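2 protein chains.
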Amino acid sequence: MTEEVNNKQILFKDYVNGFPKESDMLLSTSSTISLKLPHGSNGVLLVKNLYLSCDPYMRIRMNNTAGGDTDSFTPGSPIIGLGVAKVLDSGHSNFKNGDLVWGMTGWEQYSIINDPENLFKIEHTDVPLSYYTGILGMPGITAYAGFYEICAPKEGEYVFVSAASGAVGQLVGQFAKLSGCYVVGSAGTKEKVDMLKNKFGFDEAFNYKEEQDLDAALKRYFPDGIDIYFENVGGKMLEAVILNMRLHGRIAVCGMISQYNGQGDGVQNLFLLVPKSIRMQGFGVNHFYHLYPKYLDMIIPLIKNGTISYVEDIVEGIEHAPAALVGLFSGKNVGKQVVVVAHE
Amino acid sequence: MTEEVNNKQILFKDYVNGFPKESDMLLSTSSTISLKLPHGSNGVLLVKNLYLSCDPYMRIRMNNTAGGDTDSFTPGSPIIGLGVAKVLDSGHSNFKNGDLVWGMTGWEQYSIINDPENLFKIEHTDVPLSYYTGILGMPGITAYAGFYEICAPKEGEYVFVSAASGAVGQLVGQFAKLSGCYVVGSAGTKEKVDMLKNKFGFDEAFNYKEEQDLDAALKRYFPDGIDIYFENVGGKMLEAVILNMRLHGRIAVCGMISQYNGQGDGVQNLFLLVPKSIRMQGFGVNHFYHLYPKYLDMIIPLIKNGTISYVEDIVEGIEHAPAALVGLFSGKNVGKQVVVVAHE
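Those sequence lines, one after another, are chains A and B.
So in the numbering used here, the last spot in the first sequence is 331, and the numbers never skip.
So in the numbering used here, the last spot in the second sequence is 331, and the numbers never skip.
If you are wondering where the hints come from, they were derived from the structure by calculation, not from laboratory data.
The structure displayed is predicted, hence computed values, not measured ones.
Misleading hints may appear alongside valid ones.
Where chains are identical, the list cannot tell them apart; a pair therefore holds if satisfied intra-copy or between any two copies.
Distance condition first, Cα-Cα at most 20 Å in a straight line; then the derived SDA-like pairs of lysine to any residue [to be verified]:
#1 K223 <-> Q255
#2 K223 <-> G212
#3 K186 <-> G78
#4 K83 <-> L230
#5 K73 <-> N105
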C-alpha cells in the first residue's frame, strides 16, 4: 500500500492573447499522488518542489504557436517551469533520495520527472537554495553567457541594460562593473532605480516611465554613445538605443518583454545597423549550459565574499504563483521573482 | 598658360525627403577646369572620370542627418561617389600620369582628388574597366566580406538573397553556389527573376511584387527554413524572413533599400531572434578593404574562366547620371548601374 497525499497544482487553462491574467491559470486541489514511485519505475524521479521560478520567457509558452525552440504549455496540465526540488524517490542511478536538484519541473507540490538527465544536481548548499532559480540557475548563466560571450566587453566600454533590476539585468550590471565598464540601467520604479545605483553599483540608472523621450534620456547618460546593449525589453527602447549605438556596437537580445503580449511596436530604424556595423544577436541560454561549471567556479566565491549581490522577490505559497508570474509583465517584482512551495 | 576645359558636373541641390527625384540634382555646364595641377600641388591628383557608380547607400548621403560613419552630400557641390578614373596630372608620388584608379570621386568630368591614399590603383586591365565599380570594386568586396565573413556559410545551408539581381546580390548568389549552398533570390521583375535562374545559377527565384504573402512565398521555397539571409531591402521582407529563419540563422545586413526613403515599415517580430538564436549583423564595406587583395586573387580567375558572371546596366553620358541613380529606388536597373562619362 502506498500513501497518497494531496498535490496542489497550478494548471494552465488555455492559450493566452495579450497580457496574461491570474485567471489564465487555475489552482487545483483535487489531485493526489503517491510518494513512492511504482515498483520498477526506471529512469524517472519523484520530487518535492521547493522553489518555483517566474521568468518572462514563460509568456511565450502561453501562445498557441511558439516560435523556434520554445514549446507551448498544454492546456489543462500544470504550468512547467524551472524550480528547485528535492528527490523523494529516485528511479535513476544518477540520483539518490534526498538529493537537491534544479531544472524543469511542474507547478505543483510533487512532480514526476521523466527526463532527470536534464536536471542539475545541487552541490553547493551553503548559499540560499532559492538562488538556483536565479543567480545560480538559468538567469545566472543567461547573464554570464549573454554578457561575456555575446557582448564580448572591453574595459572602458559603455554598457546599457534594460529591465536592469530583474533576475538577469542586476547580474549583467555587476558583471559590467567587474569588467571595468561604465554601466547604466533602466527600470520602472524609483525603488528599483535606487537599488540599481545603491545595491548593485550601476554608475547611473533611470526610470523609463518618467522619460518623455527615451532618445534624450540615453543621450544624457551616454553622451559618447553605447557600445553594448543588453536587451530585455524591445520596442521603443530598442529603437532609441539603436539611435545611440556606437560604431561596432553589440546588442545581446536576451528577451523582449514589451513584445511578448502582442502589443509590440515595430522597430523602424534597423537600417542604422549598417553604417554603425552593429551586431544584434539573439541567444537562448539552452545553448550555453556547457559553461555552467565554469560559471559556478566564478560566481560562488563572489557571492560568498559579498562582491556580487542578488535581490529576490519571494512569495510564499504555490497558490500565489499565478499572481507572481503575471506581475512580471507589469514590473511588480523587485528582483528575481521566486515562489516558495516548501522550504525543505 | 594652362588650358581650361569645360567640366560638366552633377550638383546636389538640397537635402531630400522621401524618394529622390532627378530634380534633386542639377547638370551644370558652366564650370571649367585646368588640365594641369597648379605648380607645387603636393599630394593631390587631377583625374579624368571614366565610369561612375550608382549605389543605394548614396540615398543616405542625401539626408540632412546621416547616421554613423556616413556623411551627407554638400548642397551646391557635385555628388560624390565611387568611380573609375584616369590620372591626368599626378601630384602624389604613388601615382603617375596615365594610371587607372578607382575610389571616391566627383560626379563631374574631371576631379581634383585631395586624398589619393584612399584610391585603389587598377592593376588588372584585361577585364572591363567598368567592373571596378562593381564586381571588382566596392560591391564585390561587400558581397565577399558579407557572405564569407559575416554569414560564415557551410555547405548545404539554405541561403536567401533579396534585391538579388543588384550589384551585390548577383555575386552573393554565385558565391553561395560555389559554397555548396541552396540559394533563392528575390527581385522585382520577370526579366530579373529569369536572369537569377538562367544567368547566375540561383536554384530558385521569385518576383516579390507578385507575392501577396511573403511568408507563404518563403515557405514555398524554404520548406525547411533559411540559414542565411543576405539583407538588402528591410521592412516587410525582413519580417517575413525572420519568421522563416532556422535556429542559429545569420542575417547579414548589407543595406535596406526599402527604408532609405523614409516610408519604412517597423519590424515587429524581432523577439524571434531569441528562441531562434539569430545573429543579425550590419556591416560596412569600409571595414573590410584589407581583404581586397585576397578577394582579387579569388575573383579575377573566376571572371576569366567564366565561372562567375556579372551583369551591368550601363548608361552613356554624365547627363543621364541623375536618372540612373534615381532609378535604383524603383528597381529600374537590371544589374549593376554604371554611368559612362568617358571610355578612356
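Could you check the structure against the hints above and give me the numbers of any it violates, in ascending order? Hints 3 and 4 contradicted; others consistent.
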